[in-house]
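Participant: Just so we're aligned, residue 417 is where the sequence shown starts under the working numbering, counting upward by one.
Pairs of lysine-lysine, DSSO-like flavour, derived with a Cα cap of 30 Å:
| hint | residue 1 | residue 2 |
| --- | --- | --- |
| 1 | Lys-537 | Lys-434 |
| 2 | Lys-655 | Lys-620 |
| 3 | Lys-659 | Lys-679 |
| 4 | Lys-620 | Lys-607 |
| 5 | Lys-434 | Lys-448 |
| 6 | Lys-655 | Lys-679 |
| 7 | Lys-667 | Lys-620 |
| 8 | Lys-607 | Lys-556 |
| 9 | Lys-556 | Lys-582 |
| 10 | Lys-656 | Lys-679 |
| 11 | Lys-559 | Lys-586 |
| 12 | Lys-656 | Lys-667 |
| 13 | Lys-582 | Lys-559 |
| 14 | Lys-434 | Lys-582 |
| 15 | Lys-434 | Lys-586 |
| 16 | Lys-586 | Lys-667 |
| 17 | Lys-559 | Lys-620 |
| 18 | Lys-434 | Lys-667 |
| 19 | Lys-656 | Lys-559 |
| 20 | Lys-659 | Lys-582 |
| 21 | Lys-679 | Lys-667 |
| 22 | Lys-582 | Lys-667 |
| 23 | Lys-434 | Lys-420 |
| 24 | Lys-655 | Lys-556 |
| 25 | Lys-679 | Lys-620 |
| 26 | Lys-537 | Lys-448 |
| 27 | Lys-655 | Lys-667 |
| 28 | Lys-620 | Lys-659 |
| 29 | Lys-607 | Lys-656 |
| 30 | Lys-667 | Lys-607 |
| 31 | Lys-607 | Lys-659 |
| 32 | Lys-679 | Lys-607 |
| 33 | Lys-537 | Lys-420 |
| 34 | Lys-607 | Lys-655 |
| 35 | Lys-556 | Lys-620 |
| 36 | Lys-656 | Lys-620 |
| 37 | Lys-586 | Lys-659 |
Derived DEER-like restraints, expressed as beta-carbon distance ranges:
| hint | residue 1 | residue 2 | range |
| --- | --- | --- | --- |
| 38 | Arg-500 | Lys-656 | 46 to 52 Å |
| 39 | Ile-643 | Tyr-670 | 18 to 24 Å |
| 40 | Arg-461 | Asp-646 | 28 to 34 Å |
By construction, these hints were calculated from the structure, which means they are not laboratory data.
All of these numbers come straight from a predicted model, not from anything done at the bench.
Ideal placement from N, C-alpha and C gives every residue a C-beta, glycine not left out.
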Amino acid sequence: MKYKDWITIVNGAAGAGKTDRDWPMIAELLRKHEVSYEPIFTSRRLHASVIARNKIEEGYSKIIVVGGDGTMNEVINGVFAQRRINTTEVMLGMISVGTGNDWARMFNIPADYEGAILTIKQQRTFIQDAGLVSYLRNDKEWKRYFINIAGMGFGARVVERTNRMKERGKSGPFLYFYNIFYSLLRYRSLKAVIEIDGTTYNRKIFSMNVGIGRYNGGGMIQVPHAIADDGLYSITLIKKMGKLNVIANIKRLYDGTITNHSKVETYMARSVQVDGPVRLKIETDGESLGHVPIRFQIVPRSLTVISGELSA
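Please model the entire structure based on the sequences and the hints provided.
Facilitator: Structure representation (structure tokens):
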């Protein structure tokens, strides 16, 4: 069988259907720049994982993801599920068409389609860490790999509500921002037992982020100390905080200074465990998963990704 250079996994639903609308333009740009590819379109949730796993086992090792951070999350889970080659032997490129695109922001991947395609052609690679998290859903333990950030508490609640609105066809750059304020009116901080590299902390938390990358929520910098290949999670824990205090500090979430706030604790760790009430939920890479007990492990330098030019 003759293979194209790239398998291109296209999530037409990403960006509230923007991928479907823009795919003809993207396909034309791929042809213009002589990128040899075979396109495969997802048809359901988690389909990108199945496609990635099957195509790698067929012989492919270069994947272009056309969609958002959630699509990339599905693809890397497929990369880990296959058994033909080491995960670092798979090269992952990204053409971002989602609403957040926070992982692409971390790696300076251009937001415009042509710029992203030219970046892919340059094949400047970076080997980054991956996260592995276990959690409960419907009384069953599940595991999921992630490539950017896991959020618990308030952040997970905002993501859950935002995803429900997306499923109903809502979209736009201010959707996540709107849900921050909507959810804030009803949210209550939760007691949690947190174990970080073997040390236990009892906290009443507003939110907690465990990051490999720095950005989430469409440009928030909640884990500014994250380094994607250091073998450690960067953790930002926001303790119980009054609603007016939260609103007054929204700007800090976007400029990276939230870690200077007196109610915020930061840690670096290889393993993290979180337990508490079942209302304490988790999301990874913008995908709602389940609830506590939650266990994190780091998978050091396990994914080869194509990046834009990174500053020293």
